[in-house]
Amino acid sequence: MNDETLTLYYYNDGLSTREREQVAHALATDPAVSERYQALCRDLQGIVDTGIDKAPADMVQRWHEGLDRAIGLEVQAAPKPAVHSWSFLLGVAVTAALAIGVGIGVFISGDEQNVTPMMEELIVDNDVTDRGNSSAFIRGLQVHLRESERGLTALPASTDSDKALLIMGIIEQNRLLERAAEQNDSASLARVLRAFELVLVQLAADDVTAEDAEALRAKLLFELNVVLTKLAHDTSDEPQSI
Amino acid sequence: MVAVMKNPAPPSRAEFHEAISNRSDRWYAACLKITRNQHLAEDAVQEALLAAWNKRHQFQQTARLETWIHRIAVNSALQLLRKNRPGVFEPLEIDVADETESPESAQHDFELNQELSRAFKVLSEIERVCFVLKHLEQWRLKEIADELDVKIDTVKQALFRGVKKLRVRMKDLQGEPL
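Heads up: the sequence lines are chains E and V, in that order. Once you know that position 199 of the first sequence is 198 in numbering that gives the first Met the number 0, the rest is easy, because the numbers rise by one and skip nothing. Once you know that position 96 of the second sequence is 95 in numbering that gives the first Met the number 0, the rest is easy, because the numbers rise by one and skip nothing.
Treat the hints with care, as some may be off.
With a straight-line Cα cutoff of 25 Å, these simulated SDA-like cross-link-like pairs (lysine to any residue) come out [as the list claims (entries may be wrong)]:
{"id": "1", "chain 1": "V", "residue 1": "Lys-120", "chain 2": "V", "residue 2": "Arg-139"}
{"id": "2", "chain 1": "V", "residue 1": "Lys-155", "chain 2": "V", "residue 2": "Glu-136"}
{"id": "3", "chain 1": "V", "residue 1": "Lys-120", "chain 2": "E", "residue 2": "Asp-42"}
{"id": "4", "chain 1": "V", "residue 1": "Lys-120", "chain 2": "V", "residue 2": "Lys-54"}
{"id": "5", "chain 1": "E", "residue 1": "Lys-53", "chain 2": "E", "residue 2": "Glu-3"}
{"id": "6", "chain 1": "V", "residue 1": "Lys-141", "chain 2": "V", "residue 2": "His-38"}
{"id": "7", "chain 1": "V", "residue 1": "Lys-155", "chain 2": "E", "residue 2": "Arg-149"}
{"id": "8", "chain 1": "E", "residue 1": "Lys-53", "chain 2": "V", "residue 2": "Gly-86"}
{"id": "9", "chain 1": "V", "residue 1": "Lys-155", "chain 2": "E", "residue 2": "Asn-11"}
{"id": "10", "chain 1": "V", "residue 1": "Lys-54", "chain 2": "V", "residue 2": "Gly-86"}
{"id": "11", "chain 1": "V", "residue 1": "Lys-155", "chain 2": "E", "residue 2": "Ala-231"}
{"id": "12", "chain 1": "V", "residue 1": "Lys-120", "chain 2": "V", "residue 2": "Gly-86"}
{"id": "13", "chain 1": "V", "residue 1": "Lys-164", "chain 2": "E", "residue 2": "Arg-41"}
{"id": "14", "chain 1": "V", "residue 1": "Lys-120", "chain 2": "E", "residue 2": "Glu-3"}
To be clear about the criterion: a stretch of chain E counts as covered by chain V if any three or more of its residues have a C-beta under 8 Å from a C-beta of chain V, and this derived list gives those stretches [stated by the list, open to error]:
{"id": "15", "region": "18 to 24"}
{"id": "16", "region": "188 to 197"}
Here chain E is said to cover these stretches of chain V; the calculated rule only asks that three of the stretch's residues, wherever they fall, bring their Cβ under 8 Å from a Cβ of chain E [said to hold, decoys possible]:
{"id": "17", "region": "8 to 16"}
{"id": "18", "region": "49 to 58"}
{"id": "19", "region": "65 to 74"}
{"id": "20", "region": "130 to 140"}
{"id": "21", "region": "151 to 162"}
Keep in mind that the hints were calculated from the coordinates and are not lab data. Where is the CB? At the ideal position from N, CA and C, for every residue including glycine.
Chain E extracted, bound-state conformation (with noise of 0.2 Å):
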């Protein structure tokens, strides 16, 4: 009887019952092997924790403060409440739209006609860029749309909870740029931004499947590529603009 197999019968793990009942016989009718089987049980409950490394104070803060936020930006990103049945359905009625608009746009291949919901509002606003204190927001726009993107095609690498702090967290920029882009007078893009924080909701969802998951992600990313080409080719054309 080895040490190996004493371990195990230690730890009431690795054994078969056949083989746990060898060694239960072993220790009763082998002095020998019941004194070795002793010595291990000493020293292991010997290897004890016998202080708990004390987490410091601020990395203690740290962890609720953590919690807190990202709790905030949960409540933030979180959908109306019922009374606003209607929202909800405008909601959805918008997503549908936004899935069909893809749908058709990857059917369209190709050319001037490949225009996504999304794209088409800012096709048919003309009132951003020619406003004098319009390009800063625009520059601003295009770079939260440039990190989401980077963001979004990093998910699938990410943690579950990097992945949710990372979407609140373009949740939260989005509508910082919704709020700009009323101010702004260009409600097609503060449409744009707020079917955006919709489908970054689903995607955010706990309850949402790998496989929906992967179908948001991709018409998020498709929707960001086709919207900061749009932006990027009108700001390069003056004096036409979105």
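Given chain E, put chain V in place with the hints provided.
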């Protein structure tokens, strides 16, 4: 008649904060023993808290919230260790301890000058992790093998070597001044 079970409420924000206040030292200690790096241990606990919050609706009320988060934190620590040191759980051909000491682990030993921490220095990464998970965290061998993505025999061998080295080392340390 079919009895309708009411879904119990998931743990609240206050319960999470209470758990942090009461038990985060233990989560941190477990993560520190696995990673031997304060930053990784801190990140592991933070990730565990966020993951637990995001999955709070899946929490089984029969378990304790603190225990549930503890388990998630240990898993996070293992993931972070693997991410930071790819191949860390691959079995070695020869039975050696990782003699090279990172600045983080040196600092850790300085700050947490405990017998067990000192004894762990004679173990390789896989020996230490297998021993911590089996002896201190009381995981099943199969769970350890699954989590580390190695064969169960690899876990057993690492555990045997770890136990053997620790038995000798602990006896030595008991005769040494701290």
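Between the region 151 to 162 of chain V and chain E, are there enough contacts, at least three residues with CB-CB distance under 8 Å, for the coverage claim to hold?
n = 5 at 8 Å, threshold three: holds.
When you check the alpha-carbon spacing of V/Lys-164 and E/Arg-41, does it fall within 25 Å?
It holds: about 15 Å lies between the C-alpha atoms, which stays within 25 Å.
Given the proposed pairing of V/Lys-141 with V/His-38, does the C-alpha separation stay at or below 25 Å?
Roughly 29 Å between the alpha carbons, so the hint for V/Lys-141 and V/His-38 is violated.
Quickly compare the C-alpha distance for V/Lys-54 and V/Gly-86 to 25 Å and report which way the hint goes.
violated, 29 Å
So if I understand the rule, the pair passes when the alpha-carbon distance is 25 Å or less; does V/Lys-155 with E/Arg-149 pass?
The hint is violated at about 43 Å.
25 Å limit on alpha-carbon distance, applied to hinted pair V/Lys-155 and E/Ala-231:
violated, 60 Å
How does the coverage statement for the region 130 to 140 of chain V fare against chain E, requiring three or more residues with Cβ below 8 Å from a Cβ of that chain?
holds (count 5)
Given the hint that V/Lys-155 pairs with V/Glu-136, test it: the Cα-Cα distance must not exceed 25 Å.
holds, 16 Å
CA of V/Lys-155 to CA of E/Asn-11, is that 25 Å or under?
holds, 13 Å
Three residues or more, CB to CB closer than 8 Å: is that satisfied between the region 188 to 197 of chain E and chain V?
The restraint on the region 188 to 197 of chain E is violated, since only 0 of its residues have a Cβ under 8 Å from chain V and three are required.
Distance restraint between V/Lys-120 and V/Gly-86, which requires alpha-carbon spacing of 25 Å or less:
holds, 19 Å
Do at least three Cβ atoms from the region 65 to 74 of chain V come closer than 8 Å to Cβ atoms of chain E?
violated (count 0)
When the structure is compared with the earlier hints, violations turn up for hints 4, 5, 6, 7, 8, 10, 11, 15, 16, 19 and for no others.
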